[in-house]
Amino acid sequence: GIQVEQSPPDLILQEGANSTLRCNFSDSVNNLQWFHQNPWGQLINLFYIPSGTKQNGRLSATTVATERYSLLYISSSQTTDSGVYFCAVDRNAGNMLTFGGGTRLMVKP
Amino acid sequence: GEEVAQTPKHLVRGEGQKAKLYCAPIKGHSYVFWYQQVLKNEFKFLISFQNENVFDETGMPKERFSAKCLPNSPCSLEIQATKLEDSAVYFCASGASTEAFFGQGTRLTVV
Chain A
1 GIQVEQSPPD LILQEGANST LRCNFSDSVN NLQWFHQNPW GQLINLFYIP SGTKQNGRLS
61 ATTVATERYS LLYISSSQTT DSGVYFCAVD RNAGNMLTFG GGTRLMVKP
Chain B
1 GEEVAQTPKH LVRGEGQKAK LYCAPIKGHS YVFWYQQVLK NEFKFLISFQ NENVFDETGM
61 PKERFSAKCL PNSPCSLEIQ ATKLEDSAVY FCASGASTEA FFGQGTRLTV V
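Sequence lines, in order, name chains A and B.
Under the numbering used here, the first sequence is numbered contiguously, ending at residue 109.
Under the numbering used here, the second sequence is numbered contiguously, ending at residue 111.
Rather than coming from a laboratory, the hints here were simulated on the basis of the structure.
C-beta: ideal position from N, C-alpha, C; glycine also.
Any given hint could be a false lead.
Covered stretches of chain B (chain A as the covering partner; in silico rule of three or more C-beta atoms under 8 Å from a C-beta of chain A) [stated by the list, open to error]: (1) 34-47; (2) 85-98; (3) 101-111.
Go ahead and model the full structure; you've got the sequences and the hints to work with.
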């Protein structure tokens with residue numbers, strides 16, 4: 001099956017800092033999503049981004065499908081950004097998502 | 001509805017008891033998925049449906065797990081004779097084609 005690797009596994013930031021999270025995947029994909037799992041366990045959709053670049057406030061994401069990676073940028077981080085960020089992909093519509101191992105982010109005040 | 005609704009939020013069962021979890025997908029979404037998150041960072045796919053039909057059940061431990069999505073009813077995931085290792089958060093997701101939207105999860109604790 002498809003392999004998804006995220007880096008770094010853990011990240012500690014001071015409030016206000018910027019960061020880049022990376023997701024590498026082993027095969028071509030039909031879907032790529034970024035999620036934020038907050039400290040209460042909720043999975044929040046951040047981006048649906050099988051290719052291209054999107055921005056939403058302080059967050060933006062870029063997927064380079066031909067090179068099989070995606071980047072999530074967090075600018076001016078806030079303590080509420082803490083949690084685990086997951087990248088997940090699938091090969092075809094309706095197929096299961098394969099999740100990466102996540103990046104655990106802690107933003108300190 | 002506009003969000004995937006999962007009930008209950010928390011469920012505690014003694015080992016050997018049955019557990020039943022429910023999921024109401026977003027209206028108009030034809031795909032429903034169940035995932036199990038055991039360790040904090042690990043998601044395991046269980047089963048997916050396209051409308052009422054099983055689409056992919058390669059992740060289901062079939063001897064004790066079963067799932068249904070019937071018309072005009074919430075989807076359900078049932079675990080017969082729960083074991084300690086079934087303790088996890090169970091997420092349901094729905095989608096129209098590609099993008100999946102997740103519910104808030106049901107935390108199952110088997111004691």
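Outcome of the hint check:
no.	hint	in the structure
1	34-47	holds (count 6)
2	85-98	holds (count 6)
3	101-111	holds (count 5)
Hint violations for this structure: none, all hints satisfied.
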